[in-house]
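Novice: One-letter residues, chain by chain:
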Amino acid sequence: MQSRFSDPDALKEARKQWLQVLVRVPASDLIEASAAFSFDIVVLKAPEVGLMMTNGRIHSTGQPFHLGEVSLTRCVLKDDLGHLGYGHILGRNKAQSRAIAIFDLALQRSDSTDRALELLTAWSAEIEEIDAMEAERVEDTRVDFFTMVRGEA
Amino acid sequence: MLADIIEAPARQTHVMQQTFRCTLTALSEPLRPISLPVIPAPEGIDPGLWALILTILDQDVSVYWPHMTDSMRSNVLFHTGVQIAETPEVADWLILGASDPDLESILDKVSLGTHERPDTAASVVFLTTGDSTDVLAEGPGFKHPQELKIELSEALVYRLIQNNQRYPLGFDSMLIREQTLTGLPRSTRLMVRTD
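Chains as they are written, first to last, in the numbering used here: chain X, 3 to 155; chain U, 15 to 209.
Worth flagging that the hints you see were computed from the coordinates, not collected in a lab. Note that beta-carbon positions come from the ideal geometry of N, C-alpha and C, so glycine has one too. Some clues are possibly wrong.
[Unchecked claim] Listed below are several chain U residues computed to face chain X (Cβ distance under 8 Å; list not exhaustive):
{"id": "1", "residue": "Ile19"}
{"id": "2", "residue": "Glu21"}
{"id": "3", "residue": "Ala22"}
[Said to hold, decoys possible] Far from chain X, by Cβ distances over 12 Å, these chain U residues were calculated:
{"id": "4", "residue": "Ile20"}
{"id": "5", "residue": "Gln32"}
{"id": "6", "residue": "Pro51"}
{"id": "7", "residue": "Ala55"}
{"id": "8", "residue": "Ala99"}
{"id": "9", "residue": "Ile120"}
{"id": "10", "residue": "Ala151"}
All chains, full assembly: derive it from the sequences and hints.
Specialist: What follows is the structure in structure tokens.
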């Protein structure tokens, strides 16, 4: 039983990928699946709800401005090997943020990775499918704007 | 080092609010010892100091703490996200042992604020060790001059008297021992009693 990552940069990259998927998995599935992991955990920061300011940019190129505050729930767990598992989500679902933190730990440990990766692959395939369907739906209604060249130019 | 990180206290927000209230009281009633909430602390840090650290330090401020071990550092960084200052000049907060031999030279470099912005001065937390000096204290927070004992060496008290003479410039001090916090803002005028 040991850690999968010895290089912190490799962990950072890999974690970015799996957290991107985990935050989009339906909360109930995630919470149910996280109950299957049996390694020991210590709750460093119990799930807590707070506010975070979001920034926006007009047309994604303009000056950044404060769009408004959103509620955010975070949780930090530690396992017996000293890994830290983080769970940050938008919204107020404490159990979900805890479940993400558990998965974050599971994906760093060699003893639970297989099960976690299996679920993660299935979920990311589902999410990709949803994204593809949405892209297709939007594509149907796409309008290509163009401007007629005016004579005086 | 991640293995040394301890759990956040239960009902953290509530404990931090209590500690903040204690800190305000300590600074508005100088030299009155105030008891801080008791919470589990990492090794090497007194529980009172840990409560104060969790309350006053965050990403927006920097702290200079010369005698911090790796495990203390990882706990402080994990729980507060504070910036660690490498030199005393740039620090907003300093945590110093009251019997530290380099204390004088560090205090000479502490930011005292400017006349336009005296509020930008640093605050110093002294970890007291049991020295004691008899003083006469007066200033905001005292109705009459009061004879008190202060848990600092005489040399350090003279250094704090010098600090008060530059008012409104100067650093604010807090004294911590185990669970007890004593405030000593720069406005308090001290005289060492020799009777």
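Novice: Compare the structure with each hint and give your call.
Specialist: Hint check:
{"no.": "1", "hint": "Ile19", "verdict": "6 Å, holds"}
{"no.": "2", "hint": "Glu21", "verdict": "5 Å, holds"}
{"no.": "3", "hint": "Ala22", "verdict": "5 Å, holds"}
{"no.": "4", "hint": "Ile20", "verdict": "8 Å, violated"}
{"no.": "5", "hint": "Gln32", "verdict": "17 Å, holds"}
{"no.": "6", "hint": "Pro51", "verdict": "17 Å, holds"}
{"no.": "7", "hint": "Ala55", "verdict": "14 Å, holds"}
{"no.": "8", "hint": "Ala99", "verdict": "24 Å, holds"}
{"no.": "9", "hint": "Ile120", "verdict": "32 Å, holds"}
{"no.": "10", "hint": "Ala151", "verdict": "41 Å, holds"}
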